[in-house]
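A.B. asks: What follows is each chain in one-letter form.
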Amino acid sequence: MLEIKNLHVEVGGQKILKGLNLTINDGEVHAIMGPNGAGKSTLSYAICGKPGYEITDGSVTFKGKNFLELEASERAGEGVFLGFQYPVEIPGVSNINFLRAAINSVRKYRNEGEMAAGDFLKLIRSKAAELEMDPEMLKRAVNVGFSGGEKKRNEMVQMSMLDPILAVLDETDSGLDIDALRIVADGINRMRCPEKSILVITHYQRLLDYVVPDFVHVLANGKIVKSGDKTLAIRLEKEGYAGLGIEENAA
Amino acid sequence: MVSTLETRQAVEEISGEYKYGFVTDIETVKAPKGLSEEVIRFISAKKDEPAWLLDWRLKSYKKWLKMEEPDWAMLDYEKPNFQDIYYYAAPKSADDRPKSLDEVDPELLKTYEKLGISLQEQEVLSGVAVDIVFDSVSVATTFRKALKEKGVIFCSISEAARDYPALMKKYLGSVVPAADNFYATLNSAVFTDGTFVYIPKGVRCPMELSTYFRINEANTGQFERTLIIADDNSYVSYLEGCTAPMRDENQLHAAVVEIVVLDEAEVKYSTVQNWYPGDKNGVGGIYNFVTKRAACRGLNSKVSWTQVETGSAITWKYPSCILQGDGSVGEFYSVAITNNYQQADTGTKMIHIGKNTSSTIISKGISAGKAQNIYRGLVKVMPNAENTRNFTQCDSLLIGDECGAHTVPYIEAKNPTSQIEHEATTSKISDEQLFYCLQRGLDVEESVSLIVNGFCKEVMQQLPMEFAVEAQKLLGISLEGSVG
Ligand SMILES: Nc1ncnc2c1ncn2[C@@H]1O[C@H](COP(=O)(O)OP(=O)(O)O)[C@@H](O)[C@H]1O
Ligand SMILES: [Mg+2]
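Just so you know, the protein sequences line up as chains H and W, in that order.
Quick note on my numbering: the first sequence kicks off at 1 and runs consecutively.
Quick note on my numbering: the second sequence kicks off at 1 and runs consecutively.
Chain H on its own, in the form it takes in the complex:
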């Protein structure tokens, strides 16, 4: 599904990713862990095409398409969703209107007609209920005045509405209490199926207890320095990066 080869990324003149390789097949769940500042968010932005993230070498291929040729919105149209580490506030734009615009844009990209207003409302209400979000929050401006946990839950509502093929979830578990963590994890697990893949970026084993990954990678110093199965995350939790011979903030 996603193939990243020898990826080099620069931001603001700084080399952040330095030859990263990662292959995610259909139906797989991958977890990326790594010290602060290692370049995890940078990787998620590079996959999704954030302006200002310059790809100086390497390739990103999604479903056989050269992703680097596509604009960020086109990549979203292809079915890639990014759950942001820091979701952005958009004053004056209600969650409902935002999602409606998003869904219809994506549908337009896929040459599908607009979703009927009634169907949309039914869908968003059921998704909000699944994620135990108060329907009143759908009327509030996108992320404005939301607590950290509410923002993350809102990202999950957006994900389930947009129904992506690949979800990249950047520290979606950070800042969640135990109950919220379980709700979010259930949301991620609902997406699991043989056609869809998930890349979770996390610091904590507690998420991976619920969302059991097929592969775990450690990103440090701009590269994947270690890969393994779910036991790698458990070892990391016990021994720390140093215990595995990985220098923190090696950059």
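These are computed hints drawn from the structure, not numbers from a lab.
Not one of these hints is a red herring.
Cβ-Cβ distance ranges computed for the label pairs, FRET-style:
1. W:Lys19 x H:Lys139: 31 to 39 Å
2. W:Gly400 x H:Leu123: 30 to 38 Å
3. W:Lys79 x H:Ser147: 51 to 59 Å
4. W:Gly400 x H:Thr23: 36 to 44 Å
5. H:Gly175 x W:Glu78: 53 to 61 Å
6. H:Pro91 x W:Lys66: 46 to 54 Å
7. W:Glu445 x H:Lys238: 47 to 55 Å
8. H:Pro91 x W:Leu58: 47 to 55 Å
9. W:Glu78 x H:Gly12: 37 to 45 Å
10. W:Phe82 x H:Pro91: 41 to 49 Å
11. H:Lys139 x W:Pro200: 39 to 47 Å
Just so it is clear, CB atoms sit at the ideal spot from N, CA and C, and this is done for glycine as well.
Assemble chain W with the ligands onto chain H, guided by the hints.
C.D. replies: Just chain W with the ligands now, with coordinates in the frame of chain H:
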């Protein structure tokens, strides 16, 4: 100004963006070019006006000759050559005013169809009555009969001068005196058409009233004059829309709008101003120099101005409220968008004269390209105005690094019991906001439109439902090409 190949190409390039830029090919009758007593007599004769009105025009003209064009606004433009303008242009077919829609020139009907304005009374958008002003004349007014049954007068101001002399004499120039300011005085001398509205005592106008102003002819100024009178305990919501073809030269639109609100009456006045803004390089566009003022003369009178200003090369207007009656209320909700080389100096004046009067000002300025956007507002509290309140909020949104936003609030409080609050913010569309939208599948234009509409929400939700959707789209279109 000679149109070079380059400017023509530039105009062609953006023709996709300003979709109202076409010209209607129609035979017109014009006054001789330039301004003189003869031209004023010509206009007055064309309109078959009573002598008192011609007299009023001529007096205004004499005053105007002694006035100087003001330059206190933060605007940079080439002053119009007043002898190089046609002050009257009208479709020949409107020479004897059509009695019904069936008699209106089909070419004109087609024009309005293209502009998305329905003149068919039986159409779905039937909650709205329209007066259509094309260059210097009103060519049609819909729903007159239905309105008349309620006693509502809705007609062109030229007709009102003939048919309702008592109301006209009493109120014309009573809010904006003939010698008020340079452009208002010019308007008083040469005004051509506009709308007259009278809502009788105790009547809630059964539908939205609106006027659609269109400038078509080249080198022609439009001098619209609108007068709205809301008698005791009445209510009306009125909306004006404006468009013009794309031309290389600047064209002048100098309007005067007067509103009189009596005891317990309310007027809601909305504007969606989309005059041709000029091209990407700042060539052409309308000079929009407008005086709009409402007098709340009765107990608890209320007036609410809502404006969405997206067009014009230069906008210079301050819809104001004179809060004379005790307990009267003035509101001003404004969105002003400037892109490319557009300039807007706009705001309001709230003059608190009566006791317990209150006013609210919400201004949203959006600048993109190399544009300048100025909020200029005055809140004045007279010595006898006990217990008055004002709340002002001015927010500016910048798109890019080459544009500017300025806020110039004047406060003159001469009564110690007044409470005046002023808040101002300036922000930018951040890369983070933009990417967030892009990642959800919106393209750049949609993202900017969404963020800007969110920024303007408090103002947009004041618009009548029938126009809100159109206006939202317009915000997006006006900012096309401003990012990325
Ligand atoms: N705009 C920028 N300009 C310069 N450096 C940046 C910029 N954005 C991020 N960085 C740097 O890139 C590195 C990787 O950041 P990030 O991908 O957010 O790390 P992680 O998500 O793994 O914590 C950090 O050292 C950060 O300071
Ligand atoms: Mg990060």
